[in-house]
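With the hints as constraints, model all of the structure from the sequences given.
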Amino acid sequence: MTSIPPASLRERKKAETWTAIHEAAASLALDRGLERTTVEAVAERAGISPRTFFNYFPSKDDAVLGMRAPVLDPALLDDLDPGHELLEQVTRLLLAVARTAYAGGNRGRRRRLVQQYPQLGQRRREHAEEAEELVRRALADRLAADPPWAAGSAEEAGAEAAGAEAAGADELARMVVLLAGVPLRFALSSPAHAAEAGLTAEALEASLALFRRVRRVLP
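Residues 1 to 219 in UniProt numbering are what the sequence shown spells out, letter by letter.
Treat the hints with care, as some may be off.
Subject to a maximum C-alpha distance of 16 Å in a straight line, what follows is the list of computed EDC-like cross-link-like pairs (lysine to aspartate or glutamate) [unchecked claim]:
#	residue 1	residue 2
1	60	35
2	60	40
3	60	126
None of these hints come from the bench; they were simulated from the model.
Okay, structure coming up:
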């Protein structure tokens with residue numbers, strides 16, 4: 001069995017600095033308010049220079065939220081099976097990519113800050129849109145590489161398949177990503193969802209089960 005190599009001293013130092021900046025930014029925002037939380041104040045509390053701050057975060061808001069740009073690990077695409085429950089596969093892929101933006105931090109504190117400062121909620125939505133775009137581009141590439149899968153069988157779907165083929169891989173991928181995001185949004189908006197605990201596997205499975213049910217009953 002292949003073991004994961006331990007993080008280097010450089011990587012550990014970078015992670016520690018990232019955490020120190022985030023903790024300083026979040027605590028200052030709670031203590032002083034977001035407007036009075038400046039990059040200079042965050043850097044001073046974290047024991048770094050303002051220039052170093054921007055090596056870790058592009059903005060004060062990202063530091064307060066403890067978020068970074070989402071990434072899509074190419075390995076996540078290896079098991080993507082176009083012929084089996086594609087929407088559910090993309091739903092799980094969306095969640096995996098979105099979670100890469102959350103590098104740590106206290107969920108309850110993040111939730112309180114977002115509720116108090118709408119601009120933080122907007123920034124969080126922007127990160128979610130970035131994750132969706134990463135998935136959309138990857139899926140479009142896969143569709144473009146397999147036109148029969150993208151368009152379906154002309155014999156089976158007739159004019160619908162021809163219309164799908166005309167739409168192009170980008171449009172098809174965008175539609176799939178939008179549909180695949182529905183179970184996630186439903187689960188996150190559920191009254192039973194506990195933001196502090198994050199989206200649980202059980203909640204996601206329940207949402208996907210309902211999504212399958214709706215797809216079956218709709219004409």
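Agreement of residue 60 and residue 40 with the hint, judged by alpha carbon distance not exceeding 16 Å | 10 Å, holds
Given the hint that residue 60 pairs with residue 126, does the C-alpha gap stay at or below 16 Å?
-> The hint holds at about 15 Å.
Keeping to a limit of 16 Å between CA atoms, is the pair of residue 60 and residue 35 held or broken?
-> OK: residue 60 and residue 35 at ~10 Å, within 16 Å.
Taken one by one, the earlier hints all hold for this structure without exception.
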